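A.B. asks: Now for the letters of each chain:
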Amino acid sequence: MRSADRTTVPTEGLRRLADEETFGRFLARGTGPGPRAGLAPDRPGHHARRAARGGFWALGLAAWLVAALAVAAEPLPPLRWAADAEGGAPYVFRDPTAPGRHVGFEVDLAEALQEELGRRIEFVQYDFKSLVSGLKRGDFDFAMNGLEVTPDRLKAIRFSRPYYVYRLRLVVRQDEERFATLNQCKAVGGVVGTLEDTAAERLLDQLGVRKRIYDSQVEPYDDLEQRQVDAVLLDLPIADYYARQRPKLKYAEEPSARGFYAVAFRKDQEELASQFDAAIDRLWRSGRLQRIYQAWGLWNDDQQALSGAEGMADVLRESARQWTPARYLPLLLQGAWVTIEVSVLSMSVAIALGLPLALGRLFGPAPIRWLAAAYVEFFRGIPVLLLLYFLYYGLPAVSEYYGLAMDLKLAPLQAAVLGFGLNYAAYEAEIYRAGIGSIGVGQWEAAASLGMGPALAFRRIVLPQAIRVILPPMTNDFVALFKDTSIVSVIAVVELTKQYQILAKSSMKYLEIGLATAALYLVMSVPLGYLSRRLERRWGKGA
Amino acid sequence: MIEPLPIAVDHLTKRFGTRTVLDRVSLAIAPRQTVALVGPSGSGKSTLLRCLNGLCAFDAGQIRVGPHVLHAGDGRARRAEARRVRSMLGMIFQDFQLFGHLTALGNVIEAPRRVLGLTKDEAKRRGTELLDRVGLADRAAAYPAELSGGQKQRVAIARAMAMSPRGLLCDEITSALDPELKGEVLAVLEDLKRDGLTLVLVTHEMAFARRSADRVVVLADGAILEDGPPSVVLDHPQTTRAQRFLSRVMT
Ligand SMILES: Nc1ncnc2c1ncn2[C@@H]1O[C@H](COP(=O)(O)OP(=O)(O)O)[C@@H](O)[C@H]1O
Ligand SMILES: [Mg+2]
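Read top to bottom, the protein sequences are chains A and B. With the working numbering applied, the first sequence covers 37 to 579. With the working numbering applied, the second sequence covers -13 to 237.
Check before you lean on any hint, since a few could be wrong.
What the hints assert, rightly or not - So, partial list: chain B residues that the calculated Cβ filter (under 8 Å) puts toward chain A:
(1) D60
(2) R72
(3) M77
(4) R100
(5) D124
Simulated from the structure, these hints should not be mistaken for lab results. Fair warning: this is a prediction, and the values are worked out from it, not measured in the lab. Ideal Cβ positions, reconstructed from N, Cα and C, are used throughout, including at glycine.
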């Protein structure tokens, strides 16, 4: 089957049905002349053909011997292969015509590997984002799912030799005239959609392009059509599969930034991994790999790089070299600016809301006092994380569910500011209440006896003196808020801490960039403490 | 000379919960009169002063301050009338109640600027004059924390005077002061009396009352026991209760 046929398949058909997690039956459907289920009975002939063509007798024979001996001795338990079939075309996905089966170029590859290794391979459905942690936990034997060889992954993972060379593809709307390249896109302030923790995301970070992170491969292109983002940068196979047939979209520039897909093992699986290395090598030399990619429309000249593919060890060194301070500092500063933005705006909301709440609790009639107290208890009682989730993900769903006319879709920054503002308003209200309450009734009466009304007395006499009491805990709160804002990354706001995570992961310079990040936090929070002490001294005169 | 301010209290009753603190008190104070209000602690002196300038509502009777009348009960109308009363009748407290965040001059000019709408220059000019009058011209820039008790109370007096009141209520304004500082405050009061202000002073300074007051009123348990010229009330009190109280405070 050719990928051109598959591109017409509705994406719903690709969604994983919540039934069995594992199956080994995909082999029942072979691509090409491969065997059926179980062992690989015609291996000798296969090898003979390949060896004759490639002239690698010794290698072929050795592999055959190893495999044959293994099979003869004891049928080994099947190897458990983890991948995410959900929306995973053309890698691994449900066969739209027979939903019990999985198809994809990696399914074909697994089948070929099974023959090469002489060992059954069993599919395990696993969430893409958890593949690496699942591998470490030992939930399966290996992961093969378009995993890009990246420096940080190389640290923890033993990658096989690469089995595919991918490039990144920038997809834009058909009518896009403002830019044709990533750099031009950055210049016009465009937002580029991509998947989390992919080479594409890293490239965007490296270039400092504004991005939006998605969970599945369909949504970015949907959002692009609906003008929610200005472009989508993803691996070429994904673009080929999900974007090429969309009439509203087009490919922007030539594919760029080459990278490798490889099979992931734990470091302690050296033996199995080297068997895979050899098997992939044979598949490459025999031309079977090429046939698989051709069948899926994924073959291109880039794949020639597979013949040399020792390049991987260089990936780490190369990448670390790219991440000079000149490159990551601007990105950290961007993150720091977002941190400042979120903190300052949130604090403004908290103050604007906290003061009326405090006044309501101090001087309001009973129902207002009660409402203000309820507000404080409620927002102090729920985790701010829950609030952020609700504001960002929950609100749009609520408005949709109840068919509300207004669109409650908040931008990430808006949701962050609102969430922290609502949360901190509760704390501010209590601080203000204590501060204002600490100014004795005598001051109110003295002001009143001079003809001042309550509002004037509050503004000119009570509040300025209360600020003296309020300021130290308020500054504390602000510094705390400053650091608390690091959790807004859960709603796709990339502030300083998130930026650190991204950069450290990409560059492996955890310590160096970590120190730079810490320094930035200190540079921002230490002057705050200083300012607070100065203000205290200023307002504190005549105490 | 300041415009005259008569004050008339008519059957004033004030309760805190079930407790009657002022019981049908009647008192007429002529313009420019200086009244010393004395009595044992808890007799209701402070409460009476606070009722006079509307700082607290009362339960029965009425109070007339110049052209303004305060009625029993509370409400928006009473509070508005109370503010008009306060514009004529200043008050000074035992514990000064200076505004801690403002300098001496700042304390004096705050209300004239915000309430009377004086320009800053005008308010400063008058404020400096008043500070000069209470002997504190050189302390204008000092914050309350930097002043002695006597100086604070003199700033408080200047602050009250800055609103150009026609009368002043003073609630034990020397009680918190060391004996050697009382004199400077009392001297300021005598000076004000010469201006023609109506003064109601709660005080334990019997010598001062005798010297400066036109009239001494003895309050006990929320009722007036004695009322007359100092020489009569202080030397020949009619009631045994007043006799006992006065003999205690005058020794
Ligand atoms: N806000 C109040 N609430 C309840 N009782 C009060 C209040 N203010 C004063 N009192 C009571 O009223 C009585 C008179 O108080 P006050 O006028 O301060 O007496 P004085 O100034 O003569 O010492 C006292 O018994 C006091 O306890
Ligand atoms: Mg008193």
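A.B. asks: Hint by hint, say whether it matches the structure.
C.D. replies: Against the structure, the hints:
no., hint, in the structure
1, D60, "violated, 14 Å"
2, R72, "holds, 5 Å"
3, M77, "holds, 4 Å"
4, R100, "holds, 6 Å"
5, D124, "violated, 17 Å"
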